[in-house]
Amino acid sequence: LKRERTKFDYEIRDVMEVLPLMTERDAPVVKAVAQGIMAIFDREPDYVISPGTYDQKHIARIGHIYDCIAYGPGILDLAHRPDEWVGISDMVESAKVMAIGLNVLLRGTATG
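Residue numbers (my numbering): 9 to 120.
One or more of the hints may lead you astray.
Think about it this way: if two alpha-carbon atoms lie no more than 30 Å apart in a straight line, the pair counts; the simulated DSSO-like pairs of lysine-lysine are [unchecked claim]: (1) Lys39 <-> Lys65; (2) Lys39 <-> Lys104; (3) Lys65 <-> Lys10.
It is worth saying that the hints were derived from the structure and are not from the lab.
All figures in this text were calculated on a predicted structure; none of them were measured in a lab.
With the sequences and hints as input, model every part of the structure.
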């Protein structure tokens, strides 16, 4: 287009850039939620860096609270799509993981 219209000019720039973020694996919240994942799913958790933007990035970068993670139910590839969905059993299992994680953080134990 620029070749055809000599007075036409444009510039491409990022309007908003949010860099990936990952909390250290030895952070208390990471270890606590990992215990919940192991208890509910009987496997080690997967650690991922999400390509998108979500509250964790804002809490860490703006609020300066770095011991923070993003965790929840659903399939990451479906997030924020027109056909996004989350299964009820996924929501229940995720709530159990978070409950165990909170128990570990608040009481120092995965049970009771």
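Structure-based check of each hint:
1. Lys39 <-> Lys65: Between Lys39 and Lys65 the Cα gap is close to 19 Å, so the pair holds against 30 Å.
2. Lys39 <-> Lys104: holds (15 Å)
3. Lys65 <-> Lys10: violated (38 Å)
Going down the numbered hints, you'll see the structure goes against just number 3.
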